[in-house]
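Read off the chains here:
2 protein chains.
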Amino acid sequence: MKHIGIAAVTAEGAAITYKYICSASEQVFGKHTHPEISIHGFSFSEHMNFGPERLKKWQDLLVRSINKLEATGAQLVICPSNTPHEVYEQVCKKINIPWLNIADEVAKVAEQKQYKKILLLGTQFTFNSAVYPNAFEHLAAEIVIPTDEEQVLVHSLIVDELVSGVVSESAKQAMQGLLSKYAQQGVDSVILGCTELPLIIDEALTQLAILDSTKILGDAAIKAATN
Amino acid sequence: MKHIGIAAVTAEGAAITYKYICSASEQVFGKHTHPEISIHGFSFSEHMNFGPERLKKWQDLLVRSINKLEATGAQLVICPSNTPHEVYEQVCKKINIPWLNIADEVAKVAEQKQYKKILLLGTQFTFNSAVYPNAFEHLAAEIVIPTDEEQVLVHSLIVDELVSGVVSESAKQAMQGLLSKYAQQGVDSVILGCTELPLIIDEALTQLAILDSTKILGDAAIKAATN
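Chains as they are written, first to last, in the numbering used here: chain A, 50 to 276; chain B, 50 to 276.
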């Protein structure tokens, strides 16, 4: 069983993924058994540098985190935050262990489930980046992006509340309204393209099929650790 | 700010402590700001070796975990599980960075709050070990240990449910009954001497003052990281 490294950007996202990997592993390896796991994270405030230097800064932080994880013996790495995958290719050139791309893993599941019209939710950076368009470009599925106003709403819910573990009833209602609107427009599924979104969106909240990037990434990491 | 290492025994315990440190740090350092943090854990099944070799095995696992954390740059380490502190002294002789002892930190708070008669809850190993008696030996406070039957109940709730993140209503009721009995016997406070117990015991469940070893350890780590 390979040693999994988790490059943490937010503690909430890393903790959810870490716990998910350990509990889902029990189904594969038996009670109380999971791969060896290391997590490393700088202060989240470091990643919040959203100025013109942000891509360079993110690359630097991720390379340093992944090198630290390698020093613990980690043989593969995941980053349970979607946004930083914007620098995936540049970082991969500078590290020595494989990094599983979260959007590629989501695309594999979407293809397998044959979803056709998929709503993407995430931070403003995920909406603006090529992370999901790149991962889905070889698929027939259409990716639907929320309106500018909705993007601002989703982004601020994530950054102001969810990353600090705050789950409010008003936020849930806002998300429910948004999902319902897109369901009426023929969308069949939604990508929770932010590790913290499962805190607020589940099967009880929407009729759309859910592509939970956190669980998909966790499952992919377990599979990669087993091979 | 010093880099904190977390030697994980259970994913639940480590994740709770990790999230607590990050959210509590915001009060000290400002929004989204926390110390650099590394976590390392072997499979929990490795720690479940409860045979005659367990003390030797625990020492070995903790020394290896702490060395891996040191390799990431961690400057101090905590272990958010009470039980393994049984080998605290032996491990400290074999590592290069300071390890904050969870029971010593709980004792400091108990002394400051002037609690007099304190119920200890934890796994069977914590009940049987000298971890808390040693930490409290210089204090006037009396440590009360549950009956043999109650010890078995608390231990199995932790090992069979809480470490896997399962919180049942029947378990809550059982704990409420136990705490109420000791409150009637003059106990003034309870040590949650197991990182997972806060999942099930909070102020709403009992009139006893709560010494939450997880939060106390997290606060101590933040303080140590700041000095």
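Certain hints may be false.
Which copy is meant is left open, because identical chains are indistinguishable; a pair holds if it fits in one copy or across any two.
In silico lysine to any residue, SDA-like type, Cα no more than 25 angstroms apart, as pairs [as the list claims (entries may be wrong)]: (1) LYS51 - GLU119; (2) LYS80 - SER219; (3) LYS272 - GLU95; (4) LYS106 - ALA120; (5) LYS68 - LYS221; (6) LYS68 - ARG113; (7) LYS264 - VAL77; (8) LYS68 - LYS106.
To be clear, the hints were calculated from the coordinates, so they are not data collected in a lab. Keep in mind the model is a prediction, meaning the values are calculated, not measured.
In rising order, the numbers of the hints this structure does not comply with: Nothing - there is no hint that the structure violates, so all of them hold.
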